[in-house]
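Visitor: Chain residues, written in single-letter form:
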Amino acid sequence: MLRYISNRLIGLIIVLIGVTVLTFIFSNISTVDPAEAFARRNILNPTPMQIEELREEMGLNLPVYRQYFHWMGESMKGNLGISLLTKNPVSADIAKKMPATLSIVGMAFFWIVVITLPISILSAVKQNGVFDHVARVITIFGISMPNFWLGFIMLIAFAVVVPIFNVVDYGNFKSIILPSLTLAIPVISSSIRLFRATILLNMNKDFVTYAKARGISKTNIIWKHILKNSLPPMITLMCQNLGYMIAGSAIVESVFSWPGIGSHLVEAIVGRDLPTINGCVLVIAVIFVLSNLFADVVNIMLNPKILNEQGEF
Amino acid sequence: MSNLLEIRELNITLVENQRPIVKNVSFNVGKGRILGIIGESGSGKTLTSKAIMRLLNEKIFTVKGQVEFRGNNLLQMSEREIEGVMGKDISMIMQNPMTAFDPMMKIGKQIIETVKAHLPLSKKQAYDMGVQQLKKMNLNRVSEIMNSYPHTLSGGMLQRIMIAIALLLEPRIIIADEATTALDVSTQSIILDEFKKIQDKGISLIVVTHDFGVIAKVANDVIVMKDGEIIEDGTVHEIFYNPKTEYTKELLKARLLADEVSYA
Ligand SMILES: Nc1ncnc2c1ncn2[C@@H]1O[C@H](COP(=O)(O)OP(=O)(O)OP(=O)(O)O)[C@@H](O)[C@H]1O
Ligand SMILES: [Mg+2]
Numbered sequence: 206m207l208r209y210i211s212n213r214l215i216g217l218i219i220v221l222i223g224v225t226v227l228t229f230i231f232s233n234i235s236t237v238d239p240a241e242a243f244a245r246r247n248i249l250n251p252t253p254m255q256i257e258e259l260r261e262e263m264g265l266n267l268p269v270y271r272q273y274f275h276w277m278g279e280s281m282k283g284n285l286g287i288s289l290l291t292k293n294p295v296s297a298d299i300a301k302k303m304p305a306t307l308s309i310v311g312m313a314f315f316w317i318v319v320i321t322l323p324i325s326i327l328s329a330v331k332q333n334g335v336f337d338h339v340a341r342v343i344t345i346f347g348i349s350m351p352n353f354w355l356g357f358i359m360l361i362a363f364a365v366v367v368p369i370f371n372v373v374d375y376g377n378f379k380s381i382i383l384p385s386l387t388l389a390i391p392v393i394s395s396s397i398r399l400f401r402a403t404i405l406l407n408m409n410k411d412f413v414t415y416a417k418a419r420g421i422s423k424t425n426i427i428w429k430h431i432l433k434n435s436l437p438p439m440i441t442l443m444c445q446n447l448g449y450m451i452a453g454s455a456i457v458e459s460v461f462s463w464p465g466i467g468s469h470l471v472e473a474i475v476g477r478d479l480p481t482i483n484g485c486v487l488v489i490a491v492i493f494v495l496s497n498l499f500a501d502v503v504n505i506m507l508n509p510k511i512l513n514e515q516g517e518f
Numbered sequence: 022m023s024n025l026l027e028i029r030e031l032n033i034t035l036v037e038n039q040r041p042i043v044k045n046v047s048f049n050v051g052k053g054r055i056l057g058i059i060g061e062s063g064s065g066k067t068l069t070s071k072a073i074m075r076l077l078n079e080k081i082f083t084v085k086g087q088v089e090f091r092g093n094n095l096l097q098m099s100e101r102e103i104e105g106v107m108g109k110d111i112s113m114i115m116q117n118p119m120t121a122f123d124p125m126m127k128i129g130k131q132i133i134e135t136v137k138a139h140l141p142l143s144k145k146q147a148y149d150m151g152v153q154q155l156k157k158m159n160l161n162r163v164s165e166i167m168n169s170y171p172h173t174l175s176g177g178m179l180q181r182i183m184i185a186i187a188l189l190l191e192p193r194i195i196i197a198d199e200a201t202t203a204l205d206v207s208t209q210s211i212i213l214d215e216f217k218k219i220q221d222k223g224i225s226l227i228v229v230t231h232d233f234g235v236i237a238k239v240a241n242d243v244i245v246m247k248d249g250e251i252i253e254d255g256t257v258h259e260i261f262y263n264p265k266t267e268y269t270k271e272l273l274k275a276r277l278l279a280d281e282v283s284y285a
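Same order as they appear, the protein sequences are chains H and X. For the first sequence, counting from 1, position 198 maps to 403 in our numbering; every step adds exactly one. For the second sequence, counting from 1, position 28 maps to 49 in our numbering; every step adds exactly one.
Treat the hints as calculated values from the structure; they're not laboratory data. Here the structure is a predicted model, which is why all the values come from computation and not from measurement. Certain hints may be false.
Cut-off 20 Å, straight-line C-alpha distance, at most; resulting in silico cross-link-like pairs (EDC-like, lysine to aspartate or glutamate) [to be verified]:
1. H:Lys331 with X:Glu37
2. X:Lys80 with H:Asp411
3. H:Lys410 with X:Glu199
Looking from chain H toward chain X, a few residues come up when the C-beta cut is under 10 Å (computed) [as the list claims (entries may be wrong)]:
4. Lys410
5. Asp411
6. Val413
7. Tyr415
8. Lys417
9. Ala418
10. Ser422
11. Lys423
12. Lys429
13. Lys433
14. Leu436
We treat Cβ as the ideally placed atom computed from N, Cα and C, and that holds for glycine.
Chain X on its own, in the form it takes in the complex (with noise of 0.2 Å):
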């Protein structure tokens, strides 16, 4: 199985104090697999996937090590370089659909801008790519939508929008961090059928969670997180069937605990 993401020796400081945050972090994501990373709140999950994405502020945090990408290391890029990788090879799906569309541009705006980035085509075949996207996830009144400001919209279709607009310009690998936890049980379990299928187009993932049962439905490997490191990694099933850390023993344990829950 040949890597499309080799992540090596990640190190994430604080810059005012040095501290470290994420520590020696290295794992690599398959072509066309599902990557979940798990780990409690503050493990380091969301900086690592933002530091992979280059997305974190420099003036708070040291960035050190490797990610290799299809030959190059995404750390080392040029701000000019990273753009052009950033929503055309590598998208993101955002943890809070209602915060990350600008409040105050139109849904169909913001689609066309992001093709217009990447791809040199007019705003008329940008708008129809975009439209015919947003039917593949099976939204209605697509150009309804197109015309709307987000806040009009509900959540699981403003999720909905964001995986469309993650799938546009076929990436080769998509990250969600949390992409499902501000949704509700019935829109989760759509959204992570998506998932689903965007594997089956090839495509990998890599989903940060702290529920085992997303995990379960979808992911193929998990690196487990406890304060910025990793500390168990294995297939889904080799983690499930024999944890070998008290940590990730805790966490399933909880998880069953939850399922008791909503069945009693």
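Chain H with its partners taken away, still in its complex shape (with noise of 0.2 Å):
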């Protein structure tokens, strides 16, 4: 199990430097100068001699490896740098912003939950009846709507026609729901999908057969056998979905103007601020790795056999 952890762990630094060196690489290749963007906020007509004096000072005229490990070795420190837009260390700022998201996104979890587990046992116990025909189109719509649209759609319908919500609004509970909703409708609708199709896979495994043939009840053989074995590719697919929503709450977040880490990466992209596009994608990198490993030690916890099958290698 600890070696299992330990070589997982290798592999997700090398993921960690490869995200940060390509955030770095795309960065660079943009067309905007930081610098020069940091001047002209700063400075009322800028002169070409501030601006590149600003450049050396920020360190962007080094190489882009040598900006880069410069970057690793202090943010190893624990030190993510200054943001150029608030002046505040980009740490403090992250800090500030993620409660919020981590609200939405706890939210989100809640949701798919409560959500997902009832109807896709329903839909594959009476499968092919109405309500999984019903379950059926609608997951499918959850699929393919994008994000923005379907938060625009939500305030529309719920904070303008039918003002149960309002359309700006942060701070208390009532609030986190429509986002929340947004960001979960298309993981709960894909994990319904999957969970669904598990559970139809286990029914037909020769261990349920086995089960009926001992006279095991019906209700048993779901909850204790079918179930149990459907749960662990379920839980990995939970653990990533984390990361993912933490990783993709930017576009919810604009939607309902929602102060997290999500709004805060997309200003800092507008406002070219590096050193807060770095930590960001750093920390959300970071999170989102973790994440998945989790949802592997988890799935090894449930299932001793996959530790078996994939822990030697």
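With the hints as a guide, bring both chains together as one complex.
Guide: Shown next as structure tokens:
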């Protein structure tokens, strides 16, 4: 188990390096010059001289790889630099924005669990029944609808036409509901497809036939055998979704003017705030990668057989 | 000789295109007798035995006919009633021991759940019953086995555990579908000996196989199936020394050839 985790951790570090290197490269090939953008925001009519000075001060005159190693070394020490926009330490900004994002992601996760489980179980048990067909149509909609579109529809429907919620709102429980649902619905839709398919697959397994032949009741076969065996892929998916939702919260946060890390990152990209961009990407990547690792560990604890098959490299 | 199980005019068709797969199958299983069902691959042996135990998916197969067991037609029973019979009065030994057990549940728990499905016993009592039955199967370190997940045990061990579970609730009849096919020769003969011992307890058996060697070792009566029909039946002696159809003669010849090959 320990060996498995340490093997995985090495892989994860490689992923993190890859992601941050890519961010650096993309920031550099962008046509907007961050030094100039910064200068124009802070100095009225900056001279080319002033821009050059700033560039040196920010270390942007160095080759990209030296910038990267410098940044890498500093971030290992926990120093992600100073935001060009807010002038606060990047880490402090991220820490301030994180709770807002975590609150909608956490709420979305709650929706996912309470909606996915009963619907997929019912769909699978009554396969090809009316409920199954209705669920299929709705989930296909949910999967194919882009997040921002879904968000706007929700806003128009429940904040304008039927004004249950406010268009711009933050800081109370009610305000979380629409953005978290928007974040959750595509995930719920694809999870229902997967969970239903997994349950159906397990229903035809030998061990179900044998359980029937031993006279185990239908309810017990469903709950204790079929569902339990369908959970591991589901748990992996859920934990992966956690990372995916934190990474993907930017669009939903923009639509709902939600002051989380997603909209923070969007603002930073628009304002060419390189330290903030790099810092946010790093933090999001770490969360993403750790939630995947967590998914695997949980999976192993649920099913000792996986370790036998995959643990020995 | 009185019959324990009487199958009358069993017909199985595919729901989607009404294609008949098992046609007008009728046979009896006598009390304390071992019936062998033999036939080539695809002849309908598995479907017949699963139909008897009501294990076929109703969405795929239509089953018609009668399966009389102790005065009841099993095919007419409610789901509840049939759950009470399966595993208690009629039990099954599956073909592939490696996939028959739930991979995520310890053996002990699967045994306990079987006992508790039929008897109002405590967990502890059910556990003790399981331990005793496993010991009777000449298995060592029984408490370790009870605490193991299926994938950590060998096929031969799992097969014996399955036989133990089949015997656990003192059934009237056990259906074994290719129960020895997946096993090596020595484990196979141990299992066949177990079948004989089961018979000595007065329990009937249906042994499904495509191997006349198995029939020769354990069966009293035989039915020969081909393309979903019974083409010949009789006692083992009759079938071996006086086969009526070419098909049975071919099967017997194939067996002799296989023997020659294995002795060569
Ligand atoms: N799910 C299914 N859908 C359609 N046809 C099926 C299905 N299952 C079995 N059959 C058909 O039913 C026939 C009998 O199958 P069955 O499994 O009973 O054969 P068998 O005698 O047990 O063969 P084997 O010795 O290979 O186990 C086969 O010809 C097969 O094609
Ligand atoms: Mg078969």
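Visitor: So, for every hint listed, does it hold in this structure?
Guide: Taking the hints in turn, this is what the structure says about them:
1. Note on Lys331 of chain H and Glu37 of chain X: the hinted pairing holds, with a Cα-Cα distance of about 19 Å set against a maximum of 20 Å.
2. For the given pair, Lys80 of chain X sits about 17 Å from Asp411 of chain H by alpha-carbon distance, which is consistent with the 20 Å threshold.
3. The hinted pair formed by Lys410 of chain H and Glu199 of chain X meets the criterion: a straight-line CA distance of about 17 Å does not exceed 20 Å.
4. At about 7 Å, the closest approach between the beta carbon of Lys410 of chain H and any beta carbon in chain X falls short of 10 Å, and the interface hint on this residue holds.
5. About 4 Å separates the beta-carbon of Asp411 of chain H from the nearest beta-carbon of chain X, less than 10 Å, and the hint is met.
6. Annotation: interface hint on Val413 of chain H holds; nearest CB of chain X at approximately 8 Å, less than 10 Å.
7. Here the hint on Tyr415 of chain H is kept, as its CB sits about 4 Å from the closest CB of chain X, short of 10 Å.
8. For Lys417 of chain H, the interface hint holds, the least distance from its beta-carbon to any beta-carbon of chain X being 6 Å, beneath 10 Å.
9. With a least beta-carbon distance of about 4 Å to chain X, the hint placing Ala418 of chain H at the interface is held under the 10 Å criterion.
10. At a threshold of 10 Å, the smallest CB-CB gap from Ser422 of chain H to chain X is about 6 Å, leaving the interface hint in force.
11. Given the 10 Å rule on beta carbons, the hint for Lys423 of chain H holds: about 7 Å separates it from the nearest Cβ of chain X.
12. The interface hint given for Lys429 of chain H holds, since its Cβ lies 7 Å from the closest Cβ of chain X, which is under the 10 Å cut-off.
13. For Lys433 of chain H, the suggested interface contact is upheld, since its CB lies about 5 Å from the closest CB of chain X, less than 10 Å.
14. The interface hint given for Leu436 of chain H is met, as the beta carbon of that residue sits about 9 Å from the closest beta carbon of chain X, less than 10 Å.
Of the numbered hints given earlier, the model fails none.
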